[in-house]
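Asker: Protein chains in written order, with the numbering used here: chain R, 30 to 335; chain L, 147 to 629.
Note that these hints are calculated values from the structure, not bench results. A virtual CB, placed ideally from N, CA and C, is assigned to each residue, including glycine. Hints may contain errors.
[To be verified] Partner residues are not named here, just some residues of chain R that face chain L (Cβ under 8 Å, in silico): (1) I123; (2) V242; (3) V269.
[Said to hold, decoys possible] Calculated cross-link-like contacts (lysine-lysine; reagent style DSS-like; alpha-carbon spacing at most 25 Å): (4) K562/L to K86/R; (5) K86/R to K505/L; (6) K298/L to K222/R; (7) K224/L to K284/L; (8) K298/L to K251/L; (9) K505/L to K81/R; (10) K40/R to K505/L; (11) K185/L to K224/L; (12) K562/L to K68/R; (13) K226/R to K213/L; (14) K248/L to K222/R; (15) K171/L to K241/L; (16) K256/L to K226/R.
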Amino acid sequence: MSFVEYGDTIKDGDTAIVFLGHESMFPVKVQHGTVTQTKYGVIRHSTDLIGKKYGSKVTCSKGGWVFILHPTPELWTMNLPHRTQILYSTDISIITMMLELKPGSIVCESGTGSGSLSHALIRTVAPTGHLYTVEFHQQRAEKAREEFREHGVEHLVTVTNQDVCKNGFGVSNIADAVFLDIPSPWEAIGHAKSALKAAGGRMCSFSPCIEQVQRTCLALEEYGFTEINTLEILLRVYNVRTISLQIPDLGKAAEGNSSTGFDSSNPSHQGSPCANLQQGTVQFKSGVPLREVVGHTGYLTFATKS
Amino acid sequence: AMEGGPSARIREGDCAVLKRDEVFKAVSVLRRRKIIFEKQWFYLDNAIGHIYGTTFEVTSGGNLQPKQEVEETTTETKEAGTDNRNIVDDGKSQKLTHDDIKALKDKGIKGQEIVQQLIENSTTFRDKTEFAQDKYIKKKKKKYEAVITIVKPSTRILSTMYYAREPGKINHLRYDTLAQMLTLGNIHAGNKLIVMETCSGLVLGAVMERMGGYGSIIQMYPGGGPVRAATSCFGFPKAFFDNLHEFPLSKVQSLLSGTFNTETLPADPEENALVEEESNGLTEEKQTSIQEAEEEPTPEAAMEINPTEEQDTMDVNAEDVEFKENKEKENKENVREKQIKQWERRKKLLEAAALLREKNADGLIVASKFHPTPLLLSLLEFVAPSRPFVVYCQYKEPLLDCYTKLRERGGVINLKLSETWLRNYQVLPDRSHPKLTMSGGGGYLLSGITVVLDKGKSDSSNSEALKMEEPSSKRCKLQDLPC
Numbered sequence: 030m031s032f033v034e035y036g037d038t039i040k041d042g043d044t045a046i047v048f049l050g051h052e053s054m055f056p057v058k059v060q061h062g063t064v065t066q067t068k069y070g071v072i073r074h075s076t077d078l079i080g081k082k083y084g085s086k087v088t089c090s091k092g093g094w095v096f097i098l099h100p101t102p103e104l105w106t107m108n109l110p111h112r113t114q115i116l117y118s119t120d121i122s123i124i125t126m127m128l129e130l131k132p133g134s135i136v137c138e139s140g141t142g143s144g145s146l147s148h149a150l151i152r153t154v155a156p157t158g159h160l161y162t163v164e165f166h167q168q169r170a171e172k173a174r175e176e177f178r179e180h181g182v183e184h185l186v187t188v189t190n191q192d193v194c195k196n197g198f199g200v201s202n203i204a205d206a207v208f209l210d211i212p213s214p215w216e217a218i219g220h221a222k223s224a225l226k227a228a229g230g231r232m233c234s235f236s237p238c239i240e241q242v243q244r245t246c247l248a249l250e251e252y253g254f255t256e257i258n259t260l261e262i263l264l265r266v267y268n269v270r271t272i273s274l275q276i277p278d279l280g281k282a283a284e285g286n287s288s289t290g291f292d293s294s295n296p297s298h299q300g301s302p303c304a305n306l307q308q309g310t311v312q313f314k315s316g317v318p319l320r321e322v323v324g325h326t327g328y329l330t331f332a333t334k335s
Numbered sequence: 147a148m149e150g151g152p153s154a155r156i157r158e159g160d161c162a163v164l165k166r167d168e169v170f171k172a173v174s175v176l177r178r179r180k181i182i183f184e185k186q187w188f189y190l191d192n193a194i195g196h197i198y199g200t201t202f203e204v205t206s207g208g209n210l211q212p213k214q215e216v217e218e219t220t221t222e223t224k225e226a227g228t229d230n231r232n233i234v235d236d237g238k239s240q241k242l243t244h245d246d247i248k249a250l251k252d253k254g255i256k257g258q259e260i261v262q263q264l265i266e267n268s269t270t271f272r273d274k275t276e277f278a279q280d281k282y283i284k285k286k287k288k289k290y291e292a293v294i295t296i297v298k299p300s301t302r303i304l305s306t307m308y309y310a311r312e313p314g315k316i317n318h319l320r321y322d323t324l325a326q327m328l329t330l331g332n333i334h335a336g337n338k339l340i341v342m343e344t345c346s347g348l349v350l351g352a353v354m355e356r357m358g359g360y361g362s363i364i365q366m367y368p369g370g371g372p373v374r375a376a377t378s379c380f381g382f383p384k385a386f387f388d389n390l391h392e393f394p395l396s397k398v399q400s401l402l403s404g405t406f407n408t409e410t411l412p413a414d415p416e417e418n419a420l421v422e423e424e425s426n427g428l429t430e431e432k433q434t435s436i437q438e439a440e441e442e443p444t445p446e447a448a449m450e451i452n453p454t455e456e457q458d459t460m461d462v463n464a465e466d467v468e469f470k471e472n473k474e475k476e477n478k479e480n481v482r483e484k485q486i487k488q489w490e491r492r493k494k495l496l497e498a499a500a501l502l503r504e505k506n507a508d509g510l511i512v513a514s515k516f517h518p519t520p521l522l523l524s525l526l527e528f529v530a531p532s533r534p535f536v537v538y539c540q541y542k543e544p545l546l547d548c549y550t551k552l553r554e555r556g557g558v559i560n561l562k563l564s565e566t567w568l569r570n571y572q573v574l575p576d577r578s579h580p581k582l583t584m585s586g587g588g589g590y591l592l593s594g595i596t597v598v599l600d601k602g603k604s605d606s607s608n609s610e611a612l613k614m615e616e617p618s619s620k621r622c623k624l625q626d627l628p629c
């Protein structure tokens with residue numbers, strides 16, 4: 030296993046995801062002789078995990094069971110230990126596409142933070158690309174290095190512990206893309222420009238506040254970036270539910286004129302009449318938005334150096 | 147700096163994209179070929195040899211000339227009003243008439259100068275606020291300064307272009323939705339991926355870009371052959387097609403039941419060509435990429451690709467025999483060529499079938515005009531456990547059905563029905579706000595992860611799975627019967 034290459038079976042040293050149920054999972058480092066506690070009981074790595082197929086159902090000591098999943102950057106993002114606020118997959122996906130990343134791309138990133146985006150970037154640029162990531166917080170930088178090692182991707186990433194606004198990315202004229210998620214990105218635009226290839230490249234900055242975006246856009250213009258474009262992407266998740274609505278009694282049944290009889294105009298999503306399991310109700314499937322959703326993560330400002 | 151390399155320059159035969167403001171158009175770079183873009187016509191001849199990203203001006207005779215940068219607005223002290231209380235719309239503020247402007251254009255005056263003249267002849271310009279002046283200039287520039295940038299194709303550019311120009315051909319798949327699919331599907335180098343799309347080959351191209359030629363792709367197609375008009379706009383190197391396989395949907399059932407054979411192919415290549423032609427209105431010109439040449443070889447293309455055939459043809463020419471003989475031989479060649487093609491198709495089909503039979507694909511991407519449920523229920527059979535799958539649908543309702551049926555089937559977890567909203571912003575000093583319009587719909591996604599399917603006691607494990615994933619769903623399931 031590594032985060033950039035699928036494996037079929039669980040091996041000693043792998044990072045695996047224990048899936049307990051909807052939105053309930055956690056990562057586990059697979060080690061001979063180790064046990065992991067879950068609410069369904071104990072998982073013994075040597076017998077329950079090692080040698081088993083990824084995607085298997087594993088029965089825990091109390092008889093309950095879990096699934097063991099192969100790690101991916103997306104699962105990691107949902108389960109990683111937070112050292113900072115992180116970027117989630119919805120933002121990550123549009124960043125990756127708008128930066129035009131692909132195998133072989135050279136990317137610069139700052140800050141590394143908790144490594145949520147870093148894992149996704151590494152996955153995309155592997156096996157021939159490279160990530161140069163800069164983190165000014167020494168402990169976070171070291172933790173990130175350790176995780177990259179554990180996840181089998183250390184050859185694809187260089188972590189530098191310095192202040193990107195003062196010292197830049199530690200490389201120049203080699204990047205296809207630069208990503209900034211720092212409090213004052215406008216102070217790093219010059220460094221971003223010099224990190225990018227002379228022939229050009231793409232750049233992106235993530236900021237929660239519009240005032241930050243404002244200053245970043247001015248700096249981008251000042252440094253001659255073009256195609257400056259700010260956007261925001263929001264995820265809406267729907268729960269799939271069978272809804273049943275009561276038919277109001279308008280006294281029609283009394284007139285003998287049949288029916289709750291809803292014809293083809295009923296709101297069934299399958300196009301077939303819905304089951305009226307109980308007298309006077311109509312049922313249909315619906316995608317119901319969550320009661321509360323993320324309304325804002327940050328503005329993404331993209332630009333081109335040409 | 148040598149990083150640009152030869153690929154950063156525009157070459158004859160390239161697939162390139164023209165850009166004017168936010169409008170894109172994909173073209174093949176060919177000499178002496180008239181291009182019409184945004185009500186302008188020109189030739190690309192002069193662009194050849196320039197670096198991608200260069201901005202050109204259209205000059206008389208349809209020639210392109212690299213635009214000279216830095217024409218900083220004049221240093222004259224700016225005059226501007228503070229509000230519009232005294233600006234009256236009498237329709238006479240512009241002293242130049244339509245005829246005057248046309249005369250300027252006909253004289254070949256540069257757009258830049260026309261804009262300057264319009265400003266000088268506007269009686270209200272000086273009274274406008276600074277912001278209004280800015281807006282006025284921008285609007286006029288857009289109209290009179292004919293500048294075109296030539297950029298390299300990418301998923302970013304092509305998916306934006308398709309969504310704006312021909313959303314119907316990609317089932318209204320918005321680019322941010324496509325971006326989600328690539329991420330949710332964990333598309334990366336080395337995957338063995340199954341793709342089923344009817345998005346003109348745009349989704350396939352996006353997947354190929356992310357895989358960078360590493361791994362393999364099996365494209366499932368309906369009808370006579372896969373449509374790859376958009377794929378060819380990417381200008382991928384030939385090597386990217388070495389591990390691109392295709393398999394007809396109509397053969398899936400027989401492959402799953404073990405009765406598959408290659409005796410009855412779905413259709414002949416001519417039919418493929420037709421499908422491709424029909425769906426390819428985007429670049430106007432016949433696509434000439436390597437990929438298409440591979441897909442439906444014209445005689446020339448086939449010769450280029452197949453060295454033995456080229457050799458044969460050259461031999462024929464060298465023999466220089468009588469015309470009739472020559473013709474006969476040509477006919478024989480044609481028959482042989484057809485047989486070779488038929489044989490090669492069969493070989494490719496068997497290869498694809500063998501890859502599918504392993505049932506160990508690393509993912510499944512579906513984005514089609516068809517109902518997703520039957521596609522998912524069948525194609526998931528070919529996917530290994532603990533792998534992501536993503537289904538796109540323009541409408542939410544079929545995905546509700548698909549969700550329910552997948553739950554009944556089992557073997558999937560972490561099912562998620564989602565949609566993304568995309569909002570663009572205008573960011574200018576003291577004038578920042580969301581853009582006035584945003585896209586109303588970019589489609590819906592159903593994603594999940596495969597797990598080992600517990601066939602023996604699927605019923606009980608299903609209800610357990612339901613309980614496990616959504617504690618509140620027990621009641622739903624009971625009500626869930628025939629709907």
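Asker: With reference to the structure, classify each hint as holding or not holding.
Answerer: Against the structure, the hints come out as follows:
Against a cut-off of 8 Å between C-beta atoms, the interface hint on I123/R holds, since the closest Cβ of chain L lies about 5 Å away. Interface hint at V242/R: satisfied, since its Cβ lies 6 Å from the closest Cβ of chain L, which is below the 8 Å cut-off. Look at V269/R: its Cβ gets to within about 5 Å of chain L, closer than 8 Å, so that hint holds up. For the proposed pair K562/L and K86/R, the alpha carbon gap of about 20 Å is at most 25 Å, so the pair holds.
Distance restraint check for K86/R and K505/L: the Cα-Cα separation of roughly 19 Å lies within the 25 Å cut-off, and the hinted pair is therefore satisfied. At roughly 20 Å between alpha-carbon atoms, K298/L and K222/R fall within 25 Å of each other, so this suggested pair holds. The hinted pair formed by K224/L and K284/L meets the criterion: a straight-line CA distance of about 16 Å does not exceed 25 Å. Only pairs whose Cα atoms come within 25 Å are accepted, and K298/L paired with K251/L is rejected, the gap being roughly 31 Å.
For the given pair, K505/L sits about 18 Å from K81/R by alpha-carbon distance, which is consistent with the 25 Å threshold. For a cut-off of 25 Å, the pair hint linking K40/R to K505/L stands: about 22 Å separates their Cα positions. Only pairs whose Cα atoms come within 25 Å are accepted, and K185/L paired with K224/L is rejected, the gap being roughly 34 Å. Taking the CA atoms of K562/L and K68/R, the gap is near 24 Å; set against the 25 Å cutoff, the hint holds.
At most 25 Å may separate the alpha-carbon atoms for a hinted pair to count; K226/R and K213/L meet this at roughly 22 Å. For the hint linking K248/L to K222/R, the alpha-carbon distance of about 42 Å lies beyond 25 Å, and the restraint is violated. Note on K171/L and K241/L: the hinted pairing is violated, with a Cα-Cα distance of about 36 Å set against a maximum of 25 Å. Straight-line distance between C-alpha atoms of K256/L and K226/R comes to about 33 Å, which puts the hinted pair past the 25 Å bound.
Figure legend: structure checked against the earlier numbered hints; hints not met, in rising order: 8, 11, 14, 15, 16.
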